[in-house]
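**Q** Sequence:
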Amino acid sequence: MSQHRSLKGSSSVGAKRSVLKRFERVKLLKSRGKWKDGSSPIGLPKTKPDE
1 MSQHRSLKGS
11 SSVGAKRSVL
21 KRFERVKLLK
31 SRGKWKDGSS
41 PIGLPKTKPD
51 E
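Positions 1 to 51 (the working numbering) are the ones given, in order, by the sequence shown.
To be clear, the hints were calculated from the coordinates, so they are not data collected in a lab.
We treat Cβ as the ideally placed atom computed from N, Cα and C, and that holds for glycine.
Possibly wrong hints are sitting among the right ones.
Dumping the calculated SDA-like pairs for lysine to any residue here, alpha-carbon to alpha-carbon at most 25 Å [as the list claims (entries may be wrong)]:
#1 Lys16 to Lys30
#2 Lys21 to Ser2
#3 Lys16 to Ser6
#4 Lys21 to Met1
#5 Lys46 to Gly33
#6 Lys16 to Met1
#7 Lys30 to Leu7
#8 Lys34 to Lys8
#9 Lys48 to Leu28
#10 Lys16 to Lys27
#11 Lys30 to Ser6
#12 Lys36 to Arg22
#13 Lys27 to Ser6
#14 Lys34 to Glu24
#15 Lys30 to Leu20
#16 Lys46 to Ser2
#17 Lys27 to Arg17
#18 Lys36 to Ala15
#19 Lys27 to Lys8
#20 Lys30 to Ile42
#21 Lys27 to Ile42
#22 Lys46 to Ser18
#23 Lys30 to Arg17
#24 Lys21 to Trp35
#25 Lys27 to Pro45
#26 Lys16 to Ser39
Simulated DEER-style distance windows between Cβ atoms [what the hints assert, rightly or not]:
#27 Ser39 to Ser2: 46 to 54 Å
#28 Gln3 to Lys34: 23 to 31 Å
#29 Gln3 to Glu24: 24 to 32 Å
#30 Asp37 to His4: 26 to 34 Å
#31 Pro41 to Arg17: 14 to 22 Å
#32 Lys48 to Ser6: 20 to 28 Å
Build out the structure end to end from the sequences listed, making use of the hints.
**A** Structure representation (structure tokens):
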């Protein structure tokens, strides 16, 4: 039985992700000037990654 194509990881290593991790979202918000120092990293607004 062969492995489903969505489970193969070697070909999709360089693929663009549409979901950001929390630290990536904080970094993006800082670069856009929408992050206040001392803000909680819980409950961040949705952000689209830079293209």
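**Q** Does the structure break any of the earlier hints, and which numbers would those be?
**A** The structure breaks hints 2, 4, 6, 7, 8, 11, 13, 16, 18, 19, 26, 28 and 30; every other hint is satisfied.
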